[in-house]
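Chains Z and G are the protein sequences, given in the same order.
Numbered according to my numbering, the first sequence spans residues 1 to 117.
Numbered according to my numbering, the second sequence spans residues 1001 to 1117.
Derived from the structure by calculation, the hints contain no laboratory data.
Keep in mind that a hint or two might mislead.
[Said to hold, decoys possible] Computed list of lysine-lysine pairs in BS3-like fashion (alpha-carbon distance at most 30 Å, straight line):
| no. | chain 1 | residue 1 | chain 2 | residue 2 |
| --- | --- | --- | --- | --- |
| 1 | Z | Lys-38 | G | Lys-1011 |
| 2 | G | Lys-1011 | Z | Lys-114 |
| 3 | G | Lys-1057 | Z | Lys-3 |
| 4 | Z | Lys-3 | G | Lys-1014 |
| 5 | Z | Lys-38 | Z | Lys-114 |
| 6 | Z | Lys-70 | Z | Lys-3 |
| 7 | Z | Lys-38 | G | Lys-1078 |
| 8 | Z | Lys-16 | Z | Lys-114 |
| 9 | G | Lys-1057 | Z | Lys-38 |
| 10 | G | Lys-1057 | G | Lys-1011 |
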Amino acid sequence: AQKVTQAQTEISVVEKEDVTLDCVYETRDTTYYLFWYKQPPSGELVFLIRRNSFDEQNEISGRYSWNFQKSTSSFNFTITASQVVDSAVYFCALSEAITGGGNKLTFGTGTQLKVEL
Amino acid sequence: GAGVSQSPRYKVAKRGQDVALRCDPISGHVSLFWYQQALGQGPEFLTYFQNEAQLDKSGLPSDRFFAERPEGSVSTLKIQRTQQEDSAVYLCASSLGLSRAGANVLTFGAGSRLTVL
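This is chain G alone, in the form it adopts within the complex:
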């Protein structure tokens, strides 16, 4: 597609429920990233995929968070047993991944806003 598409745009979950957030990156983009943005804060890195391989998951806050990209395109971020502190906007970004490491320009989606009651 023309841009990075995320769904759902808004999700309200009761504490303890599982949620799944979807990201459809720009076609042909090798690299895919998930970021978490709390209210009034900058985005914080969660995890990174190169094609289907998850190369860095150092930012995932707990083992309740799980991300996958099984065919190297669409990615899903799953949060199990949601807690109130999980409330945030979850941003997905993709890049061609061909530039020198560190130089890649990330294209972001509009995000999925998760509210946990």
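With the rest of the complex left out, here is chain Z:
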């Protein structure tokens, strides 16, 4: 069975600090996809990144960066110079292919990030 663990329930930082959100996953599949989603107070899950299991290169997008390490089954997310607008719940998810070409996401329990002035 697939499993995603986000051990950090809540993190509080002061604006401009860097913060890393941890994600550890379990799967028996050799090909899989990992995702990060952001859930602001409005409730809508916002897609941030998708990474496939064959691509271990780190990725940077503005103040966001992701570190994928297959050897430790981790897919960590770092926000550099955090801002108040980054305050949200962040979910890591693992994708499982299902019948008909769809994919079922297994989510972690999320990390609540609070960025204060």
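Got chain Z; can you put chain G on it based on the hints?
Frame of chain Z, contents of chain G only:
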């Protein structure tokens, strides 16, 4: 539409009542998903449609839960004889469904928050 639209945003039901939650996916999206998100938890998969066909309903918690997508666009999640444990946010998501299985990026709606008294 531009995004995934869900209605109602908030629903309060007395225990034993039936409820119907509506999802209007992005136009042209083949795949549609329902997820249930309990307070403080990550979303959990309920069911998946490809066009009008319900290909996976393994996540539906009981036979009181029923979903349909009769014309391959709008979907309705129906919960009969609601119980207090059904209180949660019900998220709908859609995707083009054209990518390799597992890779599809899901676009989520803002959810319908159900409270059962």
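Taking 30 Å as the top limit, are the C-alpha atoms of Lys-70/Z and Lys-3/Z close enough?
15 Å, holds
Please verify whether Lys-1057/G and Lys-3/Z have alpha carbons no more than 30 Å apart.
19 Å, holds
Within a Cα-Cα threshold of 30 Å, do Lys-1057/G and Lys-38/Z meet the stated pairing?
Holds, because 26 Å separates the two Cα atoms, which is no more than 30 Å.
Checking one constraint from the list: CA of Lys-38/Z to CA of Lys-1011/G, max 30 Å. Satisfied?
24 Å, holds
Tell me if the straight-line CA distance from Lys-38/Z to Lys-114/Z falls inside 30 Å.
Since the Cα atoms of Lys-38/Z and Lys-114/Z sit roughly 13 Å apart, the hinted pair holds (cutoff 30 Å).
Does the structure keep Lys-3/Z and Lys-1014/G at a Cα separation of 30 Å or less?
The given pair, whose Cα atoms are some 34 Å apart, is violated under the 30 Å limit.
Holds or violated: are the alpha carbons of Lys-1057/G and Lys-1011/G at most 30 Å from each other?
Cα-Cα ~23 Å, so holds.
Within a Cα-Cα threshold of 30 Å, do Lys-16/Z and Lys-114/Z meet the stated pairing?
Holds, at roughly 12 Å.
Given the hint that Lys-1011/G pairs with Lys-114/Z, does the C-alpha gap stay at or below 30 Å?
28 Å, holds
Starting from Lys-38/Z, check that the Cα of Lys-1078/G is at most 30 Å away, please.
Judged against 30 Å, a Cα distance of about 27 Å means the pair holds.
When each numbered hint is compared with the structure, a violation occurs for hint 4 only.
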